[in-house]
Amino acid sequence: MSPASSVLEHIRERFSDHVLETLSFRGDDTVVVKRDALLSFMRFLRDDPEMSFDFLMDVTAVDWLEREPRYEVVYHLYSSGKNRRLRVKTRVPDDDPEVETVTGIWKGANWFEREVWDMYGIRVKGHPDLRRILMYDGFEGHPLRKDYQKDLRHPTVPSLDFPDPEKDVRRVIKATDLMRGSGREEGAQEPEKD
Amino acid sequence: MSEGTENNFPPGEYGLEWMEREGDNVILNLGPTHPATHGVFRIVVELDGETIVNCDNQIGFLHRCFEKESENTTWGQVIPYTDRLNYVSPLMNNVGYVMAVEKLIGIDVPERAEYIRTIICELSRIWDHLLCIGAALVDLGALTNFWYFWRPREDIYDLVEELTGARLTTCYTRIGGLMADLTDGWIRKARHVIRETIPNAIRDVDRLVTKNRIFMDRTIGIGPISAEDAIAWGFTGPCLRAAGVPYDLRKDQPYLVYDRFDFDIPITDNGDTYDRYLIRMEEMWQSLRILEQAFDQIPGGPINVENWDVILPPKDEVYENIEALMAHFKIIMEGIKVPPGEVYHATEAANGELGFYIISSGEGTPYKIKVRPPCFAIFSAMPEMVRGHMVADLIAVMSSLNIIAGELER
Amino acid sequence: MAKNDSSDGLGSPILLTRFEKVLSWARKYSLWPLPFGTACCAIEFMAVVGTHYDISRYGWEVVRFSPRQADLLIVAGTVNYKIAPALKTIYEQMLEPKWVIAMGACATCGGFYNNYSVVQGVDRFIPVDVYVPGCPPKPESLIDGMMMIKEMIEKGEPRARESWEEKWKERYEK
Chain A
6 MSPASSVLEH
16 IRERFSDHVL
26 ETLSFRGDDT
36 VVVKRDALLS
46 FMRFLRDDPE
56 MSFDFLMDVT
66 AVDWLEREPR
76 YEVVYHLYSS
86 GKNRRLRVKT
96 RVPDDDPEVE
106 TVTGIWKGAN
116 WFEREVWDMY
126 GIRVKGHPDL
136 RRILMYDGFE
146 GHPLRKDYQK
156 DLRHPTVPSL
166 DFPDPEKDVR
176 RVIKATDLMR
186 GSGREEGAQE
196 PEKD
Chain B
3 MSEGTENNFP
13 PGEYGLEWME
23 REGDNVILNL
33 GPTHPATHGV
43 FRIVVELDGE
53 TIVNCDNQIG
63 FLHRCFEKES
73 ENTTWGQVIP
83 YTDRLNYVSP
93 LMNNVGYVMA
103 VEKLIGIDVP
113 ERAEYIRTII
123 CELSRIWDHL
133 LCIGAALVDL
143 GALTNFWYFW
153 RPREDIYDLV
163 EELTGARLTT
173 CYTRIGGLMA
183 DLTDGWIRKA
193 RHVIRETIPN
203 AIRDVDRLVT
213 KNRIFMDRTI
223 GIGPISAEDA
233 IAWGFTGPCL
243 RAAGVPYDLR
253 KDQPYLVYDR
263 FDFDIPITDN
273 GDTYDRYLIR
283 MEEMWQSLRI
293 LEQAFDQIPG
303 GPINVENWDV
313 ILPPKDEVYE
323 NIEALMAHFK
333 IIMEGIKVPP
343 GEVYHATEAA
353 NGELGFYIIS
363 SGEGTPYKIK
373 VRPPCFAIFS
383 AMPEMVRGHM
393 VADLIAVMSS
403 LNIIAGELER
Chain C
5 MAKNDSSDGL
15 GSPILLTRFE
25 KVLSWARKYS
35 LWPLPFGTAC
45 CAIEFMAVVG
55 THYDISRYGW
65 EVVRFSPRQA
75 DLLIVAGTVN
85 YKIAPALKTI
95 YEQMLEPKWV
105 IAMGACATCG
115 GFYNNYSVVQ
125 GVDRFIPVDV
135 YVPGCPPKPE
145 SLIDGMMMIK
155 EMIEKGEPRA
165 RESWEEKWKE
175 RYEK
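Residue numbers (the numbering used here), protein chains in the order written: chain A, 6 to 199; chain B, 3 to 412; chain C, 5 to 178.
Keep in mind that the hints are not guaranteed to be accurate.
Claimed, not checked - Computed cross-link-like contacts, BS3-like style, restricted to lysine-lysine with a CA-CA straight-line distance of at most 27 Å:
hint, chain 1, residue 1, chain 2, residue 2
1, C, LYS102, C, LYS25
2, B, LYS332, B, LYS105
3, A, LYS112, B, LYS191
4, C, LYS92, C, LYS25
5, C, LYS159, C, LYS25
6, C, LYS171, C, LYS154
7, A, LYS39, A, LYS87
8, B, LYS339, B, LYS105
9, C, LYS102, C, LYS92
10, B, LYS339, A, LYS155
11, C, LYS142, C, LYS102
12, B, LYS332, A, LYS155
13, C, LYS142, C, LYS25
14, A, LYS112, A, LYS39
15, C, LYS154, C, LYS142
16, C, LYS102, C, LYS154
17, B, LYS339, B, LYS317
18, A, LYS112, A, LYS94
19, C, LYS154, C, LYS92
20, C, LYS171, C, LYS102
21, A, LYS94, B, LYS105
22, A, LYS94, A, LYS151
23, C, LYS159, C, LYS171
24, B, LYS317, B, LYS332
25, A, LYS151, B, LYS253
26, C, LYS154, C, LYS32
27, A, LYS112, A, LYS87
28, B, LYS253, A, LYS87
29, A, LYS155, C, LYS142
30, A, LYS151, B, LYS339
31, A, LYS87, B, LYS105
32, A, LYS151, B, LYS332
33, C, LYS171, C, LYS92
34, A, LYS39, A, LYS130
35, C, LYS142, B, LYS191
36, B, LYS339, A, LYS94
Claimed, not checked - Ranges of calculated distance between the beta carbons of each label pair, as one might list FRET restraints:
hint, chain 1, residue 1, chain 2, residue 2, range
37, B, VAL393, A, ARG17, 50 to 56 Å
38, B, THR53, A, LYS39, 43 to 49 Å
39, C, GLU155, B, PHE331, 43 to 49 Å
40, C, TYR57, B, GLU325, 44 to 50 Å
Please keep in mind that the hints were generated in silico from the structure rather than gathered at the bench.
The C-beta atom is built at its ideal place from N, Cα and C for all residues, glycine as well.
Next comes chain A alone, as it looks inside the complex (with noise of 0.2 Å):
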């Protein structure tokens, strides 16, 4: 048997209600949890002494346009100590685009979780600093999903194609809400202080 099978046999046992798919392919593992199950899952690989995940490589999103549900959120993570990989994801509907955070547990998936809520608009639950990090502050719109058009003009100067400020010129980024957060656009939720 060898060292990568046994990973998703051990997790197949130990969460067999949770896990709804595992694959191995060209030699990665993926495993495919559900939503509610995430963090208790995550916390295992990491505490786990045969899982020992200590690395959070990646955070990403992946919109699947026709499927239902929509997004899927993917995990990739390393463990150094047993040195092999493994792909967690989770998939999330388009009605309700949230998921939970896993700084709690690696702290470095801090500003993953930030791009994955600013390119797709999926919330995470419990950020402690949820806001866009890629686009500016303002910006209309998450860019990666598949509707969104690519050349979508966006701009924040008076320019001679786009001269009116009023109307077409979007909110400069002003100096003093750059701290603690106060950049952030409406509508997004306070995050929870625990």
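Chain A is already provided as a structure; the job is to place chains B and C on it using the hints.
Then chains B and C, alone, in the frame of chain A:
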């Protein structure tokens, strides 16, 4: 603002407000353009006197939508976009991307191509470290070292230009092989560079800087991070090895032909700025070792895989053979058909683990390509590393982390 | 420039010229560039300032990052909507006379990035005097572009700023 004076710079027009705060802390904005040669990001620091209390780094000033663009181009057309990710060592991004696609397709390239890819990766690593250390020293006031390091960079530029045709945006690798083979005499010239120019420059800077009182005072103990924190934040690469964690993909999960070479991975304990500098200097020496061995061991043979579904057939076949012509046409017009599936492949770039997460839906254009940039995780930990230091130390720490904006924001 | 012809056969230590010529001679050999370097073109700009493709031989090595002290703005790299206000502010803070070089494909026209985040050319909101094509332009191309600025100063040619508004209004109001 006293009345009666004309203000030609009314703050309201620039989105600023006069600061009228109760507390003593000052907010300093190291705005998106600043003299450090590191690209564009904004760091907003809250200072108590000159000590940093809190810091917020904002990125996104070079977001060029790599992912959205790659969803609208063919698999081969993504390669120029990958050049612009880490534009200081572009060949490594090329290699990382095509290796991920080849993993998804399930093909292996010939051995000579793997050796050439290893050689260009190591040259790019040296390239990146030369610029990183040079720019870091400029930020601390030691300008001469930048010029000492620029000379070998120019020599590597000449080598790369001869090989790929371009100095910086090389677009050299192809899915299934390489654009072109090494030219005649390239290895001889490269040997001269790695035996003469680069070692002399490294020795010069080493003698000037490593035991220099001022440099040591400015960098020892500045911006430290412990091994547990580095792992929790997702650090990889020289910054992680400076904190004491011996993780290097070339040794742990060897790819290309790294398992055939004899080289060491430098590790230090403290994770501060001085350690990061030492690690980068030592990694350059190790890369030179790898290059010597690679030049000795490189075999002959083809550089492209013999599969016309994936790589363009040679031109003389295209003119004579109808199958080759059809294969050529299909690859150019429709793109390579990568089987559906998803894969994550990581290589050890100069800054750390550069990962490509690729999803294919079976067509000629990618469904999604996510780049896992090494400096994203590293830069997100910067507020923790500089708390309690002074503003001048912030600059030292920032430049030692080697933040390349193209990669950070794709 | 005319030589003052004195007839004592000693030659003349006085040159007659126009004030503008002396001023432009001083300006063209001491342009202080402000490299607004965002992306890959900034690395090629560093190569230009380096010892191999020296611009110090023209007197232009004094690279100043403060707009109050610079007269040549070189936009090197991609400009996106998040940084556009900063670029506009920097341009406005520079003192007259000032020239602008758009270096590289991204600053000229957006490059091969045609998307929701990249400004399709910096001349949409800043008047540009010289466009240097290339991705990135070789250092010799950038030096050629700077030579064009030098010629503009020599000949006293009107800068793009003076005719920018009318020309582009024409184009966009069609």
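We went through each hint and held it up to the structure:
no., hint, verdict
1, C:LYS102 / C:LYS25, "holds (17 Å)"
2, B:LYS332 / B:LYS105, "holds (21 Å)"
3, A:LYS112 / B:LYS191, "violated (46 Å)"
4, C:LYS92 / C:LYS25, "violated (31 Å)"
5, C:LYS159 / C:LYS25, "holds (9 Å)"
6, C:LYS171 / C:LYS154, "holds (23 Å)"
7, A:LYS39 / A:LYS87, "holds (25 Å)"
8, B:LYS339 / B:LYS105, "holds (14 Å)"
9, C:LYS102 / C:LYS92, "holds (14 Å)"
10, B:LYS339 / A:LYS155, "holds (23 Å)"
11, C:LYS142 / C:LYS102, "holds (24 Å)"
12, B:LYS332 / A:LYS155, "holds (26 Å)"
13, C:LYS142 / C:LYS25, "violated (31 Å)"
14, A:LYS112 / A:LYS39, "holds (22 Å)"
15, C:LYS154 / C:LYS142, "holds (19 Å)"
16, C:LYS102 / C:LYS154, "holds (12 Å)"
17, B:LYS339 / B:LYS317, "holds (21 Å)"
18, A:LYS112 / A:LYS94, "holds (19 Å)"
19, C:LYS154 / C:LYS92, "holds (24 Å)"
20, C:LYS171 / C:LYS102, "holds (19 Å)"
21, A:LYS94 / B:LYS105, "holds (20 Å)"
22, A:LYS94 / A:LYS151, "holds (19 Å)"
23, C:LYS159 / C:LYS171, "holds (22 Å)"
24, B:LYS317 / B:LYS332, "holds (15 Å)"
25, A:LYS151 / B:LYS253, "violated (38 Å)"
26, C:LYS154 / C:LYS32, "holds (5 Å)"
27, A:LYS112 / A:LYS87, "holds (21 Å)"
28, B:LYS253 / A:LYS87, "holds (14 Å)"
29, A:LYS155 / C:LYS142, "violated (30 Å)"
30, A:LYS151 / B:LYS339, "holds (21 Å)"
31, A:LYS87 / B:LYS105, "holds (22 Å)"
32, A:LYS151 / B:LYS332, "holds (26 Å)"
33, C:LYS171 / C:LYS92, "holds (19 Å)"
34, A:LYS39 / A:LYS130, "holds (16 Å)"
35, C:LYS142 / B:LYS191, "holds (22 Å)"
36, B:LYS339 / A:LYS94, "holds (25 Å)"
37, B:VAL393 / A:ARG17: 50 to 56 Å, "holds (53 Å)"
38, B:THR53 / A:LYS39: 43 to 49 Å, "holds (47 Å)"
39, C:GLU155 / B:PHE331: 43 to 49 Å, "holds (48 Å)"
40, C:TYR57 / B:GLU325: 44 to 50 Å, "holds (48 Å)"
The structure is inconsistent with the numbered hints 3, 4, 13, 25, 29, although it conforms to all the rest.
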